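Asks: Read off the chains here:
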Amino acid sequence: MTSPASSVVPAPAPKPNALFEYLQRLGDDRLVLGHRLSEWCGHGPILEEDIALANVALDLLGQATILLRMAGEVEGQGRDEDALAYFREAVEFRNCQLVELPNGDFGFTIVRQFLFDAYDVVLLEALTKSSNEELAAVAAKSLKEARYHVRHSGEWMLKLGDGTDESHRRVQTALDYLWRFTAELFATDDVDAELVQGGVAPDLAQLKPKWESLVREVLDRATLTVPNDVPRPPRTRGGRTGAHTEHLGHLLAEMQIVARSHPGAKW
Amino acid sequence: MVIRRLGADTRDEVLAVLDTVMDPEVPVLSVRELGIVRDVLVDDRDGVTVVVTPTYSGCPAIQVIERDILTALERAGFGNAKVRTTYSPAWTTDWIPDSAKAKLKAYGIAPPGAAADTGGLVQLMRARQAPPCPYCDSTDTELRSEFGSTACKSVCWCRSCRQPFEEFKAI
Numbered sequence: 001m002t003s004p005a006s007s008v009v010p011a012p013a014p015k016p017n018a019l020f021e022y023l024q025r026l027g028d029d030r031l032v033l034g035h036r037l038s039e040w041c042g043h044g045p046i047l048e049e050d051i052a053l054a055n056v057a058l059d060l061l062g063q064a065t066i067l068l069r070m071a072g073e074v075e076g077q078g079r080d081e082d083a084l085a086y087f088r089e090a091v092e093f094r095n096c097q098l099v100e101l102p103n104g105d106f107g108f109t110i111v112r113q114f115l116f117d118a119y120d121v122v123l124l125e126a127l128t129k130s131s132n133e134e135l136a137a138v139a140a141k142s143l144k145e146a147r148y149h150v151r152h153s154g155e156w157m158l159k160l161g162d163g164t165d166e167s168h169r170r171v172q173t174a175l176d177y178l179w180r181f182t183a184e185l186f187a188t189d190d191v192d193a194e195l196v197q198g199g200v201a202p203d204l205a206q207l208k209p210k211w212e213s214l215v216r217e218v219l220d221r222a223t224l225t226v227p228n229d230v231p232r233p234p235r236t237r238g239g240r241t242g243a244h245t246e247h248l249g250h251l252l253a254e255m256q257i258v259a260r261s262h263p264g265a266k267w
Numbered sequence: 001m002v003i004r005r006l007g008a009d010t011r012d013e014v015l016a017v018l019d020t021v022m023d024p025e026v027p028v029l030s031v032r033e034l035g036i037v038r039d040v041l042v043d044d045r046d047g048v049t050v051v052v053t054p055t056y057s058g059c060p061a062i063q064v065i066e067r068d069i070l071t072a073l074e075r076a077g078f079g080n081a082k083v084r085t086t087y088s089p090a091w092t093t094d095w096i097p098d099s100a101k102a103k104l105k106a107y108g109i110a111p112p113g114a115a116a117d118t119g120g121l122v123q124l125m126r127a128r129q130a131p132p133c134p135y136c137d138s139t140d141t142e143l144r145s146e147f148g149s150t151a152c153k154s155v156c157w158c159r160s161c162r163q164p165f166e167e168f169k170a171i
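Residue numbers (this note's numbering), protein chains in the order written: chain A, 1 to 267; chain B, 1 to 171.
Chain A extracted, bound-state conformation (with noise of 0.2 Å):
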C-alpha cells in the first residue's frame, strides 16, 4: 500500500511547551468561570449573593490576570494577559468545559461553582509544593480566597438541597447534568505527564479521592444523590485542548468586543 506520496513523512507537530500550555489550562478556568459570575452581578436573588458571586468572580479574574501574565512570559512571544484574554480565539483557549456553561438558575451556578470550588482547593493546596516557585507562590495565595470560596457554596449547597421541594428539585436537575463534566477535570495528557515528572504539577490521579470525599460529605448533607454514572472524559478532545462547547464562543464574543473593536485602547 505505499505509493510515492504516503512515503513522505509529514513533518512531526512541534511540541508544545508544557508550562505555556499548562498555565493556561489554570489562567482559563478562572478566566471563564470569573466572567460567567460576573453575569450576575445586578441579577443575584438577594443583594448579599450579587455581591458575594462579584466578589468571587474578581478573585478568579485576579488569579486569571496573573497566571496568563506567566504564560505569556513562558511563551516569549510578547503576549501579555490582556492579549491572551482578548485576542485568542475559541479552539485556543485551555480551559474545562464545566466552567464555561451557562449560568441557567441560581442553583445551577452554585452546583457549578461548588464543583469546582472544590477541585480548586484541593489542586492548589497540591500546588503549593510545586518545583516552580512563582507558581507555588501563587497557589498559596489563591488557596486562602479558594477556601472562602468553597465554603460559600459549600453552604448553599446545603441549604438549597435541604431546603424546599423546588430547591431541592433543581440542583438534584442541575448535578445529574454537570456530573459529567467533572470527568475532565481529572483527565491527563503529556502535558500533565511531563510537569507531573519535573515537579511542577501534581498527578491529577491522585487529587481525584480527595475531590471525591469532600463533595460527597457536602452532597450527603445536603440530601443529594449523587449521579450513578460514572462520569468519563469527553469522548472528543476536551476543553483542555482547545474543543469547547458552543456556549465559549458566545461568551468570549460578548467578553472580547470591546478590546476588540478599540485595539490598544487604555483605560
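Keep in mind that a hint or two might mislead.
Unchecked claim - Subject to a maximum C-alpha distance of 16 Å in a straight line, what follows is the list of computed EDC-like cross-link-like pairs (lysine to aspartate or glutamate):
| id | chain 1 | residue 1 | chain 2 | residue 2 |
| --- | --- | --- | --- | --- |
| 1 | A | Lys144 | B | Glu146 |
| 2 | A | Lys144 | B | Asp137 |
| 3 | B | Lys82 | B | Asp39 |
| 4 | B | Lys103 | B | Asp137 |
| 5 | A | Lys159 | A | Glu217 |
| 6 | A | Lys266 | A | Asp80 |
Source of the hints: derived by calculation from the structure; they are not laboratory data. Since the structure is predicted, the reported quantities are computational estimates derived from the model, not experimental observations.
On the provided structure of chain A, position chain B as indicated by the hints.
Replies: Okay, now just chain B, sitting in the frame of chain A:
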C-alpha cells in the same frame, strides 16, 4: 522640586513617606500598616524600589496604591522610584499590628482575628462566630455574608444596636 540623593538614611526616609500613603479603601490605615509594603530596596544603580504584595489577587485597589506610592515618593524627591510586586509570602491579616486594628475599629470596621491556618482541606460549614460590634461592643452579632463591599471585608449584623457593620476578614 526636591531631588534627594541616595544615602544611608534613604531607606528610613522612604519608609517615613510610605507611612503617609493611605489605603484607598480603608483610608485610616497606611499601606505599611496593612502589610502591603514588604520591603524597600535602595541601590546605587537601580535607585529606590518599593516591594509590595496585593491583599487579594483581584484587588482593584493595587493599581491605585502603586500610583499613590510613586506620587508620594516623587513629591518627597524620589522621582525615579519603582514598585515591584511579589506574591510570596502570601499576604495575611496577621501582619496588621494591634495599633492599626484599633484604628480599624474606631473607623467602624471590626478588625480581623487570627488567620486560621487550616493546614489542609477546608473545614466546611464551620459556623463562624461573628466579631463583636465595632459600634456598641455587643457580642450579640451574626455573620451575614463573608463577601462585602470590598474583597477584604465581610458583612455582619449587630442584634443589639440593630446596625449592619463590616469585618476585615482574617486571611
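Asks: Each hint should be assessed against the structure and marked as holding or not.
Replies: Going down the list of hints, with the structure as the test:
no.	hint	in the structure
1	A/Lys144 - B/Glu146	holds, 13 Å
2	A/Lys144 - B/Asp137	violated, 28 Å
3	B/Lys82 - B/Asp39	holds, 12 Å
4	B/Lys103 - B/Asp137	holds, 15 Å
5	A/Lys159 - A/Glu217	holds, 14 Å
6	A/Lys266 - A/Asp80	holds, 14 Å
The earlier numbered hint that this structure contradicts is number 2, and it is the only one.
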